[in-house]
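Sequences are here, hints too, so could you generate the full structure?
Heads up: the protein sequence lines correspond to chains A and B, in order. Quick note, the numbering used here runs 10 ahead of the 1-based positions in the first sequence. Quick note, the numbering used here runs 324 ahead of the 1-based positions in the second sequence.
Just so you know, these hints were derived from the structure itself, not from any lab. The beta carbon of each residue, even a glycine, is placed where N, CA and C say it ideally should be. Please note: incorrect hints may appear among the correct ones.
[Stated by the list, open to error] Subject to a maximum C-alpha distance of 30 angstroms in a straight line, what follows is the list of computed DSS-like cross-link-like pairs (lysine-lysine):
#, chain 1, residue 1, chain 2, residue 2
1, A, LYS32, B, LYS812
2, B, LYS805, A, LYS93
3, B, LYS812, A, LYS96
4, A, LYS618, B, LYS343
5, A, LYS99, B, LYS627
6, B, LYS797, A, LYS96
7, A, LYS610, B, LYS797
8, A, LYS610, B, LYS358
9, A, LYS99, B, LYS705
[What the hints assert, rightly or not] Computed beta-carbon distance windows for the label pairs:
#, chain 1, residue 1, chain 2, residue 2, range
10, B, THR467, A, SER652, 40 to 50 angstroms
11, B, SER338, A, ASP623, 44 to 54 angstroms
12, B, GLU555, A, GLY31, 39 to 49 angstroms
13, A, GLU23, B, HIS613, 36 to 46 angstroms
14, A, ILE86, B, GLY631, 45 to 55 angstroms
15, A, ASN866, B, THR467, 51 to 61 angstroms
[Claimed, not checked] Computed footprint of chain A on chain B, listed as stretches where at least three residues anywhere in the stretch have a Cβ under 8 angstroms from a Cβ of chain A:
#, stretch
16, 503–512
17, 824–830
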Amino acid sequence: MEKRNQIKLAIDEKEIICEPGKTILTVARENNIEIPTLCYDPRLEPYGSCLLCVVEVEGTDKLLLSCTTEARDGMIIKTNNEKIYKARKNALELLLSNHFADCRGPCYEKCPADVNPQGYLALANAGKYKEALELIRETNPFPLVCGRICVRYCEGACRRKDVDSPVAINFVKRYVADLESDHLESPIIPQHNGHKVAIVGGGPGGLSCAYFLAKRGYKIKIFDAHPKLGGMLRYGIPDYRLPQNMLDKEIQYIVDHGIDVQTNARLGKDFSLDDLKKEGFDSIFVALGAQKAKKMGIEKEETEGVIGGVDFLERVKKQGPPEFKGHVVVVGGGNTAIDAARTALRCKASKVSILYRRTRHEMPADEVEIEDALAEGVEIEFLVAPLGVIAENGRVKSLRCQKMELGEPDASGRRRPVPVEGSEYDVICNTIIAAIGQDSDLTGIKGNALGDLKATKWDTIVADEKTFATTIKGVFAGGDVVSGPAAAIDAIGAGRKAAMVIDRYIQTGEILPAASEFLSSKTNLGEIPKSYFESFAKIDRSSMQQVDAEIRVNNFDEGDKGIAPGAVPTETSRCLFCGCSDLFTCELKKFAGEYDVNQKRYGGTVKKLKVDDRHPYILLDPNKCILCGKCVRTCDMLLGLSALGYINRGYDMVVRPSMEKPLQDTTCIACGNCIETCPTGAISFNHPFERPWPQNPLQLESVCNYCGIGCNIVYNKKDDDFWNVTAKKESRYINGELCMRGRFGHRHIIKENRLYEPKVRDGNKLKATNLEYAIKHAASGLKAVYEKYGPDALGFFVSPKATNEEIFMVQKLARDVFNSNNIASLYDLTSTDDNEDLYAAFGITASTLPFQQVKNADVIVMLNSNVTEDNPVLSFDIKRAARKGAELISISSMELEINNFTTLWLDTRRGTNTMLLNAAISEIIKHERFDDDAVNKRANNFSEFKNQPSIALSRAAEITGVDKYKIQRFADIVSDPDKNVVFVYNGGSLLEKSPGDLQAIANLLLLTGKIGKDNNGLIFTHEHSNYQGHRDLCATPYAAQENNKLSRKSTLRGARSFPDLRDLMLNGTIKGFLIFGEDFAINTEYAALLTQAEHVVVVDMFQTETTNFAHTTIPGSAYAESEGSVTSQDRRVQAFTRVFDPPAGKTGVEILSALYAQSSGKPALSIETIRSEIAELNPLYKKITEIGERGSFCWNETATGGALLFSTGFLTENRKANFIVGAQSQKPMRREVLCFSPIDKIYQINRYQLLSSTKGDNQNSTAVL
Amino acid sequence: MYTITIGTATCGISAGADKVLNEFQLLIAEKGLKDIKLAETGCMGMCYKEVLVEVKNGAGKFLYGDVTPEKAQRIFNEHILHDKPVDEFLALLDYQEGTEKNFLAKQKRIVLRNCGHIDPMSIDDYLARDGYKAIKKVLTTMTPDEVIKAVTDSGIRGRGGAGFLTGVKWKFAAQSPGDIKYVVCNADEGDPGAFMDRSVLEGDPNSVLEGMLICGYAIGASEGYIYCRAEYPRAIVRLVNAIGEATKRGFLGDNILGTNFSFHLKIKEGAGAFVCGEETALIASIEGHRGTPRIRPPYPAVKGIWGKPTNINNVETLANLPWIILNGPEKFAAMGTDDSKGTKVFAMAGKIKRSGLVEVPMGITINEIIFDICGGIVNDKKFKGVQMGGPSGGCIPAALGNTQIDYQQINKTGAIMGSGGMIVVDESTCMVELARFFLEFTQKESCGKCTSCRIGTLRMLEILERIVAGQGKDEDLDVLKELGEQIKATAQCGLGQTAPNPALTTMNYFREEYEEHIKNKRCPAHSCSSLVMYLVDATKCTGCTLCAGNCPAGAITGVKKKAHTVDQDKCIKCGKCITTCNFDAIYKE
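In structure tokens form, the structure reads like this:
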């Protein structure tokens, strides 16, 4: 027989040997060969819609989809060549030809300095002014300046103008800059990278370039001809618009980045480019600006009394305002003309007129500036051009003018002014200011040995538009000296971009433009439908607060006072948030960039659809959908829910919630896995609490604290807040999926309803205090009780959601300091029965196999488990197993969601599950279907067990209400020696529990030999995220007993059982409580106990019923605010570290450690010490000392640990298991439900309340910590 | 004694066959004639002459065409009552079985062997013409392997379009392990202008059932589906009847003809999505899912309906099988070319004199079909080309009219054999418009799954729409060609892969026509309304004012008895003036 275990193929000339049966894509990925794809998800069946993953296989004409084509022996595969490139590019161009969406909002796209207005508006809207300012400063070091004088391309592009008027973006910028610039942290001067760059010209362009290069470690020296830095910002803009101190502040901040400055140094006079080269500058950036006033080119222009616009402004700055007399005429229509006119007014001119040769409509000056000038009394005459100066006594007497009319449009698109014959007239005036434009002064660039910088005929330097490279290598130029006079923001942008090019040039020698991103834009695809704008309510634009014109015209003080603080929320909420929240994660954008896609190539019809924001967490924007079907397949294949589906066919096809209902009215369970699988922004987080804006957050891993599955989550963190929570990819758990609580529930924990202040009781009131005092108060309170009544009067209660380290510290505090064994979780006290564990059978109660092996099971039996509600992520894997053909058996009196997937539903009467299991056991014994080897070699007492009275099927049927053939079938299936059988049992659920059912499962597993081997055994789940750790670390008396045997640690004597402890409480013995993260007082009986207690210490994240009774309340910390570890229900101990600061300033374990130190007089314990003590206490946790900040390990019965439990033996005395004889109790469950079990609460909480709840939700607190 | 047989397939019915039938019934009843048999039959092929009525007695057969109830009265009065055939109504003057000329001379009827000869509702008629003899032969004398070998030896290719060797396909299905297998008859005939399958189902449903039985036996399947589009209600009625009759006679059901072979058949009505003719989409549709193709492999032969091995054959393929079994594969293989064996049925439509259904031996040329069988182009205009294979096919220009009917030969031209639609166009057809028309069809029928088909076909269509509207851009042809080739190379199912064919082939053969539209804003065929001007030939115009009176836009003005003029700004290009003018004085430019 031919043996073919391996095939050989070549991908991109790389020889690969692999197993057969895989797709080309899989094989390529395994060999680190990247093939782009948008519709492939390794968790799902391949679909093949996006066509990006095409490859060429030698001998085949057609391109093949690597996601679906099986790799075969001898294949020669190319993953990239011209043909493939073209096909991919074409597919992307087709997709984008119908992608009616903006990557960035038009404001962002239009800003030459790449400032992100949508981002800072959102931050300002959230009151995060500092973060808003930091965001601006990322690309623009001049927020104070630009907040005042920017020409605001952003506002020009703002889509809000089609609703009412553009958002006052710049007002908000100025607001945050004014508010926060004094609070900037002092600059961090990076380590010098050994290179230096000279900047010639200290205007906005030069300074911006200097700033961004300095931040990258370059040594910078700026040369400027003026006495002070700032260029046109300083000498061209009057103080009443831009106060000197504002400018100084920003320039100082830049210079403080270790920048050298040489002022009064003019290029060509005081130094030359050659000199700079000689001085060893690696590169030179020339940003001379355009500061020479253009001549009007009229007769007698040189007459005294005629001055250029910028020359005039500069003179005012340098020499102070002159005293004007009479009439000042300003010629020109730009901002300089307005500035000159308004300055002239402030120089006491009796009359100031502006002459402009076109009409107001064509005037290039800012509309606001024109308005302000008119208000101050400047007169503007339109359609007038100067012809010549008429002098008298060598001074200006008047200006000869000519009337104009508008003719045909010129190259700029504005109508050309045409002289009206015979319309000449004279304007009597004393001073004429010619503000018709500026030129650069290029005299200084000549005569270098380096060669001459090439100049244009318009006196600008020739430099590449994108790389800023001049004709001399290593010399770059940008700003007005290249572009001609433009706005400050243009120069700032040029400076920053040049910095990036220069950096690259110095580091690599290459001169390449900064990488251009692909940016999709709605306007690339035609008009935005009017209906879009109609959906927004009209809100008036905020107005600038101004000093009255009559007053401000008398001085040079700043006339604009900014917008009212109260206007900021309204103004920022006017933003339409055009940019995509997936800007940094969108795969479509990424590939479009890589394949140099032209979105406008095809043109044609574009679907323009409504965005669906009805779901509280999930936002559907069908315009961004590329129909990759990942969401549909995820929802169908992972969840079996099909909440999303395809509607229509062909080009009209869209993904919509099923039956086109609102998503929340479908079968959607709000797990949000569709968001994460979506390669674009078509499905995204719908944040009701925060304006969305694209950002690139820091990703920090942690562990979810909602249930015992222990999913690995990622906090996408920005500053002290987080943007969202995503699943860790390649998580060891169910392939990086999350459930609703795990994905959307964290804001609730970390950001809302928190306790922030420690409080101590003073009479009837709780008074805020500091942490140190609170800890002292707690320690002395507990001590007092101890001293008065002895150790039994203290009770220590710790949540099974606390970290291992916290649990350990609570028990250490009890046992070591107060010599008490009254340790438990409130949760444990809900039970009056003790017989629910597997101690007697196996030596320990725990899952015997890792979660991920569920996938490999042939039979999955679920009892006492509503797995889709309790542990949704585990249910995804169970459903996947079912899809692959596993038999799903549900034992439940209730119709559960998972029953839709079961092949066998045993609908028992509640409380009779043990009977059912025992009947199956009897059947297996009767028909000798047990595993001989297992029962004899691995167990101690099979013969005794076998000889128990057996239970007849008919009797079991009568009691359980389940058809006897069904029981028979169940027995047959679970005892099939060829099948992998996994039981799923929720230890925390009270719903279907019957006494002895867990032990009956143990018996069944032992009997059939389906334990201690891969893909077989028990998954013991829980809804408390560290229930296993709680047991393992002896917080409970019972667990302490168990593990005492292992550790032989003498301190754990005299453990108390739950009923005993309960009695002790109810009879009033316990007078002092330490309650860590549990809401004790939800139960009225316990609440009464607390009122009688002498000291109650509560550490909790939330204000709860219990905190009302506390004598000391200390704010606790969530996992994301802690360092520590938790043990998931499959015995994996996972460490995590702090992502956020805890509200009290100390983490839970630090608080406990401080309390320990305070009570014992011993030093506080570090996390490392705690972990080594844990290892000592419980040898199964030996490896906890090695897990560090984010490591993990899995404990089992061996010293080395491992995912599978009991493969080498049990944790009993003789390493053999015991059948539990008598685990067949038929008595009804005796269990007093003393408090709401969290699981019950989960049913009660409307799943959509999780995020929207804003008022204190006390019920949730136990479910949380 | 006379037998009057009326063709009541859908083509006949739509021409009024039911009225004619009714007329004959009345006439017979009126005269109280007992010895006259009135029968129905399926399509006889000569759709251009519908309603067709055959009058037969011992003396011979007479086929009347274009029969109306009025003509029926004359036929009845003269021919039936007085034995005087009405010569002027005869469809083929020298129509005599065995010696057909013209329309039938070059045809070879295997698939259509019974169509027009039997009553499709009567299993006895079928049995009388060797019906169910093939399955009997198969079940009693052949092993499944022998059946597959016979089919393989015959060289028959799948008639659905792609032309895969049927024997090979069966072998795959036979070799696939599985206790349950399916045979599917693909009767989702969706090409515009194609009606071969419908005619077979309406005219001879039992031969399809028999073909499925043979296949089921050969591959080891005992379940079958006929996936028939719901737009074929008459075919479904006849299939249901045939299944009922065959079951009654023991040709379907358990233990057929006393053997161990059992076979059950269901009809699944398709809801009219063109793409459901694609095998994997068809399977999805049968399973109750969205009719969307999935990527192959796995092929249906391995994983088909409900994941079980499934063999899917087209109606025409299946109808061939009983003949092959009974006459032997050698006889079948003797017909045709090296590559393509047997016969092929074509639905002839367009600008030809005789439209209808023809069955020809492989190897015949396109010119022979168009000129010899179908009598050439209407009004003896110039033959320009033929669109083969429906919207998925391509256009073969008149210059390649000598191309043989052969899978390989046709593929070489850029067109495909397809399921057998042939649409003949003459010089008055604009090839750009033709491409646009077909692309509009496929674009609408795209399932929407893969990018290049979903959006790409729309972009192609938009370009073509632009060109016919006179707004084409210089770069359009290059973009069109590149896009078309990209779609062909990357689309995942047959629909997408072939959708660009009409555009690509017409661009290849008639590029100058495209260029005329783009560069000179002119439609050489004077067909694209945006590019056509209606003008008055002043030398011919008599000034009768008829056109002006009929112009709905009031665009024609002129003084009586003087040449009129068309105001191009007002003209809506409806063409009414041309049809109303009695003097041929209006022309298009």
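Here is how each hint holds up against the structure:
no. : hint                                    : result
1   : A/LYS32 - B/LYS812                      : holds (26 angstroms)
2   : B/LYS805 - A/LYS93                      : holds (15 angstroms)
3   : B/LYS812 - A/LYS96                      : holds (13 angstroms)
4   : A/LYS618 - B/LYS343                     : violated (51 angstroms)
5   : A/LYS99 - B/LYS627                      : violated (33 angstroms)
6   : B/LYS797 - A/LYS96                      : holds (22 angstroms)
7   : A/LYS610 - B/LYS797                     : holds (15 angstroms)
8   : A/LYS610 - B/LYS358                     : violated (77 angstroms)
9   : A/LYS99 - B/LYS705                      : violated (45 angstroms)
10  : B/THR467 - A/SER652: 40 to 50 angstroms : holds (46 angstroms)
11  : B/SER338 - A/ASP623: 44 to 54 angstroms : holds (52 angstroms)
12  : B/GLU555 - A/GLY31: 39 to 49 angstroms  : holds (42 angstroms)
13  : A/GLU23 - B/HIS613: 36 to 46 angstroms  : holds (41 angstroms)
14  : A/ILE86 - B/GLY631: 45 to 55 angstroms  : violated (32 angstroms)
15  : A/ASN866 - B/THR467: 51 to 61 angstroms : violated (42 angstroms)
16  : 503–512                                 : violated (count 0)
17  : 824–830                                 : violated (count 0)
In this structure, the earlier hints numbered 4, 5, 8, 9, 14, 15, 16, 17 are contradicted, and the remaining ones agree with it.
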